[in-house]
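Q: Residue strings, one per chain:
Number of protein chains: 6
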Amino acid sequence: MKKVVTLGEIMLRFSTATGERLAQANELTVNYGGAEANVAVSLSHFGFESYFVSKVPENHLGTGVERHLRSNGVHTDFLLKGGERLGTYYLETGIGERSPQVIYDRKYSSFSQMDTDEISLEEVLKDASLLHVSGITLALSAEMRELVLSALKKAKEYGVKNSFDFNYRGKLWSQQEAGEAILPLLPYIDICSFGRLDAIHLLGMASPNQPLSQTEELKYYYKKFSEEYPNIQYISSTFRSVKSASSNDLQGNLFANGELYQSKVHHIEPIVDRVGGGDAFAAGVLTGILEGWEPEQTIAFATAASALKHTVHGDCNVFSKDEVFGFANTESGKIVR
Amino acid sequence: MKKVVTLGEIMLRFSTATGERLAQANELTVNYGGAEANVAVSLSHFGFESYFVSKVPENHLGTGVERHLRSNGVHTDFLLKGGERLGTYYLETGIGERSPQVIYDRKYSSFSQMDTDEISLEEVLKDASLLHVSGITLALSAEMRELVLSALKKAKEYGVKNSFDFNYRGKLWSQQEAGEAILPLLPYIDICSFGRLDAIHLLGMASPNQPLSQTEELKYYYKKFSEEYPNIQYISSTFRSVKSASSNDLQGNLFANGELYQSKVHHIEPIVDRVGGGDAFAAGVLTGILEGWEPEQTIAFATAASALKHTVHGDCNVFSKDEVFGFANTESGKIVR
Amino acid sequence: MKKVVTLGEIMLRFSTATGERLAQANELTVNYGGAEANVAVSLSHFGFESYFVSKVPENHLGTGVERHLRSNGVHTDFLLKGGERLGTYYLETGIGERSPQVIYDRKYSSFSQMDTDEISLEEVLKDASLLHVSGITLALSAEMRELVLSALKKAKEYGVKNSFDFNYRGKLWSQQEAGEAILPLLPYIDICSFGRLDAIHLLGMASPNQPLSQTEELKYYYKKFSEEYPNIQYISSTFRSVKSASSNDLQGNLFANGELYQSKVHHIEPIVDRVGGGDAFAAGVLTGILEGWEPEQTIAFATAASALKHTVHGDCNVFSKDEVFGFANTESGKIVR
Amino acid sequence: MKKVVTLGEIMLRFSTATGERLAQANELTVNYGGAEANVAVSLSHFGFESYFVSKVPENHLGTGVERHLRSNGVHTDFLLKGGERLGTYYLETGIGERSPQVIYDRKYSSFSQMDTDEISLEEVLKDASLLHVSGITLALSAEMRELVLSALKKAKEYGVKNSFDFNYRGKLWSQQEAGEAILPLLPYIDICSFGRLDAIHLLGMASPNQPLSQTEELKYYYKKFSEEYPNIQYISSTFRSVKSASSNDLQGNLFANGELYQSKVHHIEPIVDRVGGGDAFAAGVLTGILEGWEPEQTIAFATAASALKHTVHGDCNVFSKDEVFGFANTESGKIVR
Amino acid sequence: MKKVVTLGEIMLRFSTATGERLAQANELTVNYGGAEANVAVSLSHFGFESYFVSKVPENHLGTGVERHLRSNGVHTDFLLKGGERLGTYYLETGIGERSPQVIYDRKYSSFSQMDTDEISLEEVLKDASLLHVSGITLALSAEMRELVLSALKKAKEYGVKNSFDFNYRGKLWSQQEAGEAILPLLPYIDICSFGRLDAIHLLGMASPNQPLSQTEELKYYYKKFSEEYPNIQYISSTFRSVKSASSNDLQGNLFANGELYQSKVHHIEPIVDRVGGGDAFAAGVLTGILEGWEPEQTIAFATAASALKHTVHGDCNVFSKDEVFGFANTESGKIVR
Amino acid sequence: MKKVVTLGEIMLRFSTATGERLAQANELTVNYGGAEANVAVSLSHFGFESYFVSKVPENHLGTGVERHLRSNGVHTDFLLKGGERLGTYYLETGIGERSPQVIYDRKYSSFSQMDTDEISLEEVLKDASLLHVSGITLALSAEMRELVLSALKKAKEYGVKNSFDFNYRGKLWSQQEAGEAILPLLPYIDICSFGRLDAIHLLGMASPNQPLSQTEELKYYYKKFSEEYPNIQYISSTFRSVKSASSNDLQGNLFANGELYQSKVHHIEPIVDRVGGGDAFAAGVLTGILEGWEPEQTIAFATAASALKHTVHGDCNVFSKDEVFGFANTESGKIVR
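If you're matching them up, the sequences are chains A, B, C, D, E and F in order.
Under this note's numbering, read the first sequence as residues 1 to 337, first letter to last.
Under this note's numbering, read the second sequence as residues 1 to 337, first letter to last.
Under this note's numbering, read the third sequence as residues 1 to 337, first letter to last.
Under this note's numbering, read the fourth sequence as residues 1 to 337, first letter to last.
Under this note's numbering, read the fifth sequence as residues 1 to 337, first letter to last.
Under this note's numbering, read the sixth sequence as residues 1 to 337, first letter to last.
Don't read these hints as lab results, they were simulated from the structure.
Be a bit skeptical, because a hint or two may be false.
Repeated chains share a single entry, so a pair holds when one copy, or any two copies, can fit it.
As the list claims (entries may be wrong) - Calculated cross-link-like contacts (lysine to aspartate or glutamate; reagent style DMTMM-like; alpha-carbon spacing at most 25 angstroms):
1. K171 x D77
2. K243 x E123
3. K224 x E259
4. K81 x E49
Only chain A is shown next, with the shape it has when bound in the complex:
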């Protein structure tokens, strides 16, 4: 089994039941999750030896994180304990026309205040095939940006593939700040994930001169980008058409070898929980790449994994590789008995 490593923050999510407002709630559902942790969980279910690097407080919530990761087969050897608190956020679940709403309460978390020398990058990256990080970590502090850069460099030294998901969060920083933080990392990246808006607003790429279809426009940015960063062999993203908070269309894009590969469009309705949908997709793409699948298969798998994630509560894609393939290949919604 290949060893894969993700590094980032994991938080406690409080969500309301469907049709309830946060200010009226008597009970909240709790889930542990974070972009990179979710990718680690998916990769474990897809058959990798998966490690998650982070820091959580030395209390019952830290233990809760540990239980969550372990139950999903993720190794917690590099999950540090200490610091002040576990970051949390509140999700008022959306439905129909009403959007979900997020209140972050993640400042001063153990992870965001971790010293960069608390982890031995050597130990973490030894024998690894992949390191995955995301823009959310960069947004937390200058120290975190430093830590990520060191990790990416060290990974290159060790022959580990680097994956980076832009994961832009407008509530954490401005597009300009994000762009500036991401640029210096790009030379160390092998696989990355960003979309049209990121291309324009974070990378400052110029729009094409003539109007193009959504697909053609994306291809345009990816081509230009990959000419500038030939080290980046794979770029991925999804087209998400939000009909309502309960109904989305989802299509996956994977750019590889100068070509754009697209999955079929998944019509996801009703949506049970869309948190972590992007992370399931990212893990799917990484799986295909690590397994050496054809791009067509990779993008079909990744998008199916993401669509499946939308049908379960919680941040994580708790489906095995076989289940994702089964889902991708059979007629949707049929009962087998």
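Please build the complex by placing chains B, C, D, E and F on the supplied structure of chain A, with the hints as guidance.
A: The following block gives chains B, C, D, E and F in isolation, referenced to the frame of chain A:
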């Protein structure tokens, strides 16, 4: 803050969980609500000093009503205590093709048996900007019809605007009875709400000679009606296209200054709870009128408020003015994080 | 009231909440059900004196079966007690594109190991108007196949109408086995239920020479079949178009007097629980036949009953004859108050 | 199986979860129950052919009553349908020092407004061994008192044993009214149930001249009473020592053949739900009498049945005769595995 | 109605269900509470015009606080909105021998970072009869200590009675820090609450020379203390004998006019939720003082209020003055019906 | 970290909510557990590298077992997948005087039908410090008895300590069968657990000649037994005094070096869930032995661990070594904040 007053009955609603039949239920969800109380709650959330006039029994259920109103910022100074019982009703929640079903158990309630002299209309209406009542109260008894008439007259004396929602309920009385009860009130009304069926069956208005579109037909009735009652400056209603118990299209209509203003069509799917949707609309219309907004803005706001109400459990629109505007103006269903 | 009898296995179903995976569940919903038991329940609600013949263990689960049947008005005089265990199965509820999944744990059940002489067929069938069985029972063992054959023969002796639902379950046996088991029963059947796939794979019927519409093709098989088995006066089935696990279109077919009668298409969305949908349909067809309704009315009733079943949790159609007619005849989804 | 008949009102009970106040509740647990219905349920579980005579509305709540009774094996042949409403009551569950609180909302119920000639007492009592009624029914109206008297007389004609439980409810009537209503019935009673306070306040019996132990005093009243009414062969009651709402000691008393037989003291802690505890006791006593057991066995059985009832939610004793005996005879609280 | 004011922090409490560990929880119950807010709620239920002064964030959680207070009749005119976050804490509910456990996550809260000049003490205290604060607020920061001191001084100017509850929390600061912070406030206090351990460790009072009973020792400290601070007319505390997390004995003490008055001992078992028990007691004492009751009545009322609080979930004593008196005066645990 | 190994069956437990009967349940709580699995979980929480050897089916329930074990840090390297079914059992939760009741449905399970050569005992036992098995496994089949014997022998070869818990289950086999199966294993055991009844009925030991106290009698059996089996260095058991299903007293006994060491008596009330209480105790004893603690400390720790287990739902002791010590050493039930 402007003082607004609504008068009517508030009941205890027992509802089944989705997919459960009433006869099999082991647990029922309880909510307090009633057309006029719901309007009072909305008006409070929209920034008015809101009073609800009614009578509830002197027991834990009466206290429950009080807690419900207060938690929503509604003043309970004119909520009398006493009498025999709190009216209740049972709602077997519908879904898909299966309609919701209502069993009323509201007879002999404290409110319906209240003496008309138990309330001091002077105190209630002093300094108020608006009085809102509905046809449901008229259906309860002759005494109630008298009380409503006195209140409307007294309001006129005090310079208070009168709002009347037809709110016809076929389980309470016949269309003829309703028509006869409503007619004498109309000269005292400033703002009212009724639809095509009410125009024909309650007001006995003649259908247009030639076939008209739904919108044109409504305009036809409103025009004729406003010629007869020039005191009524605003008439509103909604077009509700019921695709199923889980999926409705909703469009708001506001007739003002001889013109019919229409909101965009909201596609509401899935519906969480449609009870109180009309009351949220009414409160939205009243807010626009009291705030002196343009009719276009008023009807957009009112219909958005109603659509939002359908996405939460309970009778009440627990969204602030800002939230309704945010909802009306942004792309539906997007998560912001 | 006419006496009707169904014979088969009843099991304990464990289902996950929507959006939960079985492997993560902390709580499971429990329901008692089985194809023939479900038909018995429906027939009781439709006004027949309904008996269910089966065997359950002498423990609290056997008592649970008894309570379930009795609460639905089904007579338990022929519900034997004894044997090793109650068969169970686990249902991971599907949603949207994700199919429901079934894990059977029904082997060694009291019913499947019942001796064929434990029941007195004479007593069971005395004065009955109808005996209903299904292919699921045939799949359990050679003894069961013998028991069913004896029962059908005895019924013929007693002048009881025999109904047989193919109910093919791929997890229990092969199509070939099923076909071989069913053939010898057909001469004793008056009413039966099977679809296009059954015609081809179980009955080995040849496809029509030219491409036909779905309806025409079904008619083709039914015609040929009824020529071979003139004793079978009624054949029924449904067309189910599975858009997703949450959205199906359903149309009922009834072949009688050489004609195919079809119901309107019910658009069922969202689906609450589709288990037992076919049994509700079967009971509806049987009701129409026993009541001597016109085929048009029978198939409209049966399909409406099935559509209604999809809107409630559990295996059973807990709607009365009047409710099904009300549902079939009124505009869907309207609230009446 | 002996046929037994009980006659009375059945209501819908709404109860709060432990530790919740009614005025704050978002959900209420619903149970159907009433003194005489509960006795009918127990008698069914104890092996009798049990009939409950009452009237409930023709709606889903009436259906709920029917399902409840049938699931417990009670025959509903004499359960009339019609009238205005089902009586309800609210129970704020007590705990520890805090007492449970009841709010009745039972006026105008279908049963309380039933005409006395709606039931054919002949049919009801034909071939019956026992008729059981209670003082609660007497409290409802003069018509009900008449009905009960007629039933008791008719029962005597038919050779049916009459059982009467005083069941005094201070919220329904005064002790004086109760006493006056009960007196005329006593000549027709064979088995009755009342305690020390009833003896003094309802029957107006004089206290003994010298201070006696609790047991001796009860014996004193029973002796005097049975001398006055030699037709009454059995008198029963319980001593309940209320340590708190969660902890009671319970001892059963049975007076027969001039002797007082007492059960052991059951220490019931924690109490799950004490509603129906007295009805379980009554049914236990009746079972012993109908079965011809020794008084010692009867009172042990009845008190054990009542203690068991306190350990389950709902009004009903859902334990079989064997289970009650098992409970009475084994060491309490041991797990068997 | 007398106006009363409390000032302090209100937090969101997350609690586990009984028998669940925090690290395994999938759902948490949420309650809003804080010592001074709880006192304000009780005082509102006891008939005062109650105001709570604090600061909460401008988000759905801030709205939740508002709803909570308003539903309990507390005025929110002085509830500021703004700042970073709402303080939270996690409660792993204890049971039997296992203690409850608290994890605080309250740093950086809006209240703790409020500027002292954000509130107009003049407006807050105008026409008030009472100001109540507690040692928890002092523990938050030097600014808070300053704010409290200013408020107490201003109150004295305005003729408002000052109440201070030591409320020592070992997780927030050391006993020495607490003692130093409290001393300067004492000259401005009229009513205060502390126990034996506070006397020794916070106030540094010397133990009596000879061994005394628990009651005598407390009297000794109170006497000495009241000689030093003759301005303090009332001192109160409870004796809590913790048999287990589910069973406590509680007795109230009130020192007034040089005498120690004690309530009866309440045996509280099982305990539903002991959070807020002390605040209910404090509010009871204040009520008696403000109402001018005899000390005996005051301490009986206060201790009964506290005992009642232990029987409901949440931080607040949601019982009226009448209910507390009813509880104090009737036999515990009896059902009235 | 020392490697420890346990071998046995793990099952799915379905339990009713408190106060509910199994035959009426609509929902059941699910837990995975089994004596040896529970010991493995405890040992993991106490700091050992813990392995559980068993076989579960290749389906979602097998995955559920895996998730359960992993979330508790137990290694699943030797958890085989395959076979027919996962054994289950139903627990009707007891309360007060009413005992819990168990219905086993564990026959034909994957584990019970596992071939003895499916596991490589060499790999399993390599580098292990401890092997723990119990009498439940012996009861399943002759093959299982063989497997256990081989494992114990192989362990001796490898220098692994063997622990054996008698765990007699009367529903699985007779005392005589159990005795005969256990005898041949005893020469290979280092640590074992049995009580007075096992000594008499399974081991056939003679009672002492004179009446002895409970403690003295146990010591008598342990002395005699250890003289016969000098290889067995530690014998343990608990005295459990069952006051009711909700209240037990528990005291631990450990015989070592010819002495009997006893813990203090834990009064456990209320009991949340007693399943697994014995396994928590066993794991505590093993921990002390493996850590080389003094017998006094070992038995205090083990009994505290068992008492703690009774306060949480589920089969497993989810407390760390520090938490157990904290519990053992602090005053019970105090809140720390």
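Q: Hint by hint, note whether the structure agrees.
A: For each hint, the structure was consulted:
When the C-alpha separation of K171 and D77 is checked against a cutoff of 25 angstroms, the pair qualifies neither within a copy, at 31 angstroms, nor between copies, at 30 angstroms. In this homomeric assembly, K243 and E123 never come within 25 angstroms of each other (Cα to Cα): the closest approach is 46 angstroms inside a single copy and 50 angstroms across copies. In the homo-oligomer, the alpha carbons of K224 and E259 lie at most 25 angstroms apart inside one protomer (12 angstroms), although the nearest pairing across protomers, at 54 angstroms, exceeds that limit. Proximity of K81 to E49 under the C-alpha cut-off of 25 angstroms is found in both arrangements, the shortest distances being 21 angstroms within a copy and 20 angstroms between copies.
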